[in-house]
Amino acid sequence: MARPQLADLTVGDVVATRTVEIDRAALVRYAGASGDFNPIHWDERFATEVGLPGVIAHGMCTMGTVVDVVTDWVGDPGAIVRYGTRFTKPVPVPAGGAAAVEVTATVGAVDADAGTARIDLTVTHEGTKVLGRTQVLVRLS
Amino acid sequence: MATAVDPAFAGREYPATAPYSVGREKIREFAVAVGASHPAHHDLVAARGLGYPDLVAPPTFAVVIAQRAEQQYVADPDAGIDFSRVVHADETFTHHRPIVAGDELATVLHVDSVTQRAGISMVTTRCELFAVDAEGGDPGEHVATVTSSLVVRGEDS
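Chains as they are written, first to last, in the numbering used here: chain Y, 1 to 141; chain R, 142 to 298.
Okay, chain R solo, but in the shape it has when bound (with noise of 0.2 Å):
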């Protein structure tokens, strides 16, 4: 039986998460699933030509990241939200820098909002992610900002 989507999540902060370390092939291999062809994702020479000091990650690669963090949320029962009823809304990705292989990533997943209209509700989560070393250390330079909402078709809908 699904239960209704918990209004009471909306402004919750989650502790950062492990960091996400970001690997050259991983770059590689995302770049190639988006059809992502820039040397700069592929070759370590044109990344540096450019002034980068290591690949640099395809646009929309910090969801890989992201929706790592977003399964404390998503994936939690008493949040209420049941996976076969959810339809991705938008999504959005600001980046303070360009995230490079060599970077660690630790990453504050934050429920910006969960509203509910006609037996539809809509969540939106914001991920902060933060270069760290690779220890985890304490979370240090701003990399990149992730917001995703999702639809949640009710029971009748």
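Bound-form chain Y, shown alone (with noise of 0.2 Å):
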């Protein structure tokens, strides 16, 4: 598949979107993983005499899934240089089924003289923004 190439891009062009699907294997996987075991993630009772509604995603999950998007965009995952967000609100991953996170990815800003690309991901679950200022800097030359 080409590579994108930056003088294609235009700011606001949507280059990809995808809606993931995060279950409750998806969360204990994702504990594994990354040792990241806060019950908080896994154990309802933990989490609701917290005070949460029930179980939630691992910020750092939902984050390192929505990505995937802009690798399979870009067809190199070492091209990305940069990605940050802000967790603004919980992803709550139901006992059956799978929260559906919606993600569009848009082109934020070119700078050709540096020859990246700044991606901006749009993350949401039932129509709430569950990430905020999702930003990716892809190398492009």
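If you're looking for bench data, these hints aren't it; they were derived computationally from the structure.
All of these numbers come straight from a predicted model, not from anything done at the bench.
Do not take every clue at face value.
Said to hold, decoys possible - Not the full set, but computed from the structure, chain Y residues with beta-carbon under 8 Å of chain R:
| no. | residue |
| --- | --- |
| 1 | Tyr30 |
| 2 | Val67 |
| 3 | Ile80 |
Quick reminder that beta carbons are idealized off the backbone N, C-alpha and C, glycines included.
Hints given; two lone chains; assemble the complex.
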């Protein structure tokens, strides 16, 4: 697949969209892979005792999962030079089924001199933004 | 009894950690956990085809290394961070070069700021990851920077 070219990008272009599903098994898998065993991400009783509506996804699990849309678009994971986000709302993950997270990747800025593009991700769950100011800087030259 | 977050930790720098050995299977395991299906995370031939010496870590993999280093601060009772009152506020990764399997990475943790306002504390840490040799020799190439902010709710909020 052809790699995206800096010269072809215009600020505001939507370059990719995706819906990712996060279920309880994904949270357990992420806990093991990351070493983050905070029980709010797998123990319903603990989560409700500390005032949460139930088990919620690790913010880092959501952050790690949604960026794959950019990796696939750019075609090289090593091209991602900077990636940041703010965790604005938790993603509750039900005991059955999965939480659907909608991702839209838009060109936020193009820097021809640096050979980079900033891709902004809009990340929502049931119509609410769950990540804020999610920016991925990719090197394209 | 929860103690208050101690503002005196701001500006603190910790000694470099023992190196973390980035393994192929750990990269594959983490990639599966975040749904990162790009072949460069899984297949050595694909990674080398893109010019990398070994499997490439996903964009947020450095959190595995950074969160270990952050424990030096957040798990220190004197820091006054009650983890049952902590919410992760933000996270940023800067890759000076991609992390690849075979890397030995030592981390220097900095507490960049501790701010307090209306019963809420915010602490911002920065982890600087350096490539070292397997014996933990002098920090060499600067590989990545991971900044993370935590909000700690006070007793009454």
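Okay, the hints, checked on the actual structure:
no.: 1; hint: Tyr30; result: 5 Å, holds
no.: 2; hint: Val67; result: 5 Å, holds
no.: 3; hint: Ile80; result: 5 Å, holds
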